[in-house]
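Numbering (our numbering), first residue to last: 1 to 281.
Rather than coming from a laboratory, the hints here were simulated on the basis of the structure. These figures come from a predicted structure and were not determined experimentally. Positions of the beta carbon are idealized from the N, C-alpha and C atoms, including for glycine. Honestly, I wouldn't trust all of these hints.
EDC-like, lysine to aspartate or glutamate: derived pairs with alpha carbons at most 20 Å apart [claimed, not checked]:
1) Lys75 - Glu96
2) Lys8 - Glu162
3) Lys100 - Asp24
4) Lys100 - Glu89
5) Lys100 - Asp44
6) Lys250 - Asp46
7) Lys57 - Asp36
8) Lys151 - Glu67
9) Lys8 - Asp46
10) Lys119 - Glu153
11) Lys157 - Asp83
12) Lys100 - Asp46
13) Lys151 - Glu116
14) Lys213 - Glu162
15) Lys8 - Glu96
16) Lys203 - Asp83
17) Lys75 - Asp55
Listed next, with one range per pair, are the computed distances between beta-carbon atoms [said to hold, decoys possible]:
18) Asp187 - Ala249: 31 to 37 Å
19) Ser220 - Ala129: 24 to 30 Å
20) Arg266 - Arg196: 37 to 43 Å
21) Ala135 - Ala249: 32 to 38 Å
22) Arg217 - Arg156: 49 to 55 Å
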Amino acid sequence: MPVYNAGKYLRLAVLSIVRQTFTDWELLIVDDGSTDNALQGIADIDDARIRILRDGKNKGLAARLNECIDLARGKYFARMDQDDVSYPERFEQQIEALQKDSALDLVAVRAITIDENSKVTGVFPSAPAHDEICARPWRGFHFPHPTWMGKIEWFRKYRYAEPGPYFCEDQELLLRSHGRSRFATVDEILFAYRVRGKMNWPKLAKTRWAVLKVQMRHFSRLSQWHFASLALAAYIVKMAGDLSKRLRAKNIQYESANVDDAVGSRWHEICDGIAKELKAP
């Protein structure tokens, strides 16, 4: 878990890992030159499975993830962001999926989206099996990065590109590796993915451009000119859609209509469980 000025959400994220039903894990928290005091907010969490590493430098997400990959001592490697929440059964179910099918390299889980106040806002798009996840590489992959768990050998083989492309390290890695890998998604909501309510449109535009550059380099290298053309067309359509939403002053939202009562009740149950341990140090 690389962290940078994580603020009030870090404690919630860490406690969600501490509460995993699968208990044989080690959490590597790598500070990427933070200037806030978020790490002080978890100082009272006395758990020998947590290691906090700091060198005072700001290297970026890709470099820090590669450091974690090098330091990992387990058979599997899992991602986690500083402001998200893992459900208690997340690790257990992902490990079960990886052990059940030895051909799998990387497993995600389904996720709800939450806002700054931890209110459910939607369901993150997902696909269950490798062929569906990778069906349209020119459009990107619905495979939420902070939910990943995979074989450590896979991560060490492919690693994250450095310097990482702007806010799309995951898309670059998936695009580069999907033809020689197997992915899957656990078909159960086991994660809460925090999406800030106010859209940063310049950042989104810069990210979309970074993704397109990654795609064009990849498809050009493989002489997949048809896919390169489709990637460019998809980029134009997405940018046009973004402009339309921006002019109407609307934020991009996920499928809030698909959040049923059971999903909401389960999220409240997760929050209640963590709240008992959320007292400030």
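Results of checking the hints against the structure:
Proximity of Lys75 to Glu96 is assessed by CA-CA distance (about 13 Å); at most 20 Å being required, the pair is judged to hold. Taken as a hint, the Lys8 and Glu162 pair is broken in the structure, with Cα atoms around 29 Å apart against an allowance of 20 Å. At roughly 18 Å between alpha-carbon atoms, Lys100 and Asp24 fall within 20 Å of each other, so this suggested pair holds. Between the alpha carbons of Lys100 and Glu89 the distance comes to roughly 16 Å, so the proposed pair stays at or under 20 Å and holds.
Between the alpha carbons of Lys100 and Asp44 the distance comes to roughly 37 Å, so the proposed pair goes past 20 Å and is violated. For the hint linking Lys250 to Asp46, the alpha-carbon distance of about 43 Å lies beyond 20 Å, and the restraint is violated. Between Lys57 and Asp36 the CA atoms are separated by roughly 14 Å; this keeps the pair inside 20 Å, and the hint holds. For the proposed pair Lys151 and Glu67, the alpha carbon gap of about 16 Å is at most 20 Å, so the pair holds.
Restraint check for Lys8 and Asp46: satisfied, since their Cα atoms lie roughly 18 Å apart, inside the 20 Å limit. Distance check on the hinted pair: Lys119 and Glu153 sit about 37 Å apart at the alpha-carbon level, beyond 20 Å; violated. The hinted pair formed by Lys157 and Asp83 fails the criterion: a straight-line CA distance of about 28 Å is larger than 20 Å. The suggested pairing of Lys100 with Asp46 is violated, with an alpha-carbon distance near 33 Å, which exceeds 20 Å.
A C-alpha spacing of about 32 Å is found between Lys151 and Glu116, which places the hinted pair above 20 Å, so the restraint is violated. Restraint check: the Cα-Cα separation between Lys213 and Glu162 comes to about 15 Å, which is no more than 20 Å; the hinted pair holds. Restraint check: the Cα-Cα separation between Lys8 and Glu96 comes to about 32 Å, which exceeds 20 Å; the hinted pair is violated. This hinted pair checks out: Lys203 and Asp83 have alpha carbons roughly 18 Å apart, not beyond 20 Å.
About 26 Å separates the Cα atoms of Lys75 and Asp55, which puts this hinted pair outside 20 Å; it is violated. Separation of Asp187 from Ala249 is about 35 Å and conforms to the stated range, judged on CB atoms against 31 to 37 Å. With their beta carbons about 28 Å apart, Ser220 and Ala129 fall inside the hinted range of 24 to 30 Å. In this structure, Arg266 and Arg196 break the distance hint of 37 to 43 Å, their C-beta atoms being roughly 23 Å apart.
Range check, Ala135 to Ala249: Cβ separation about 33 Å, and the 32 to 38 Å hint holds. At about 23 Å, the CB distance of Arg217 to Arg156 disagrees with the hint of 49 to 55 Å.
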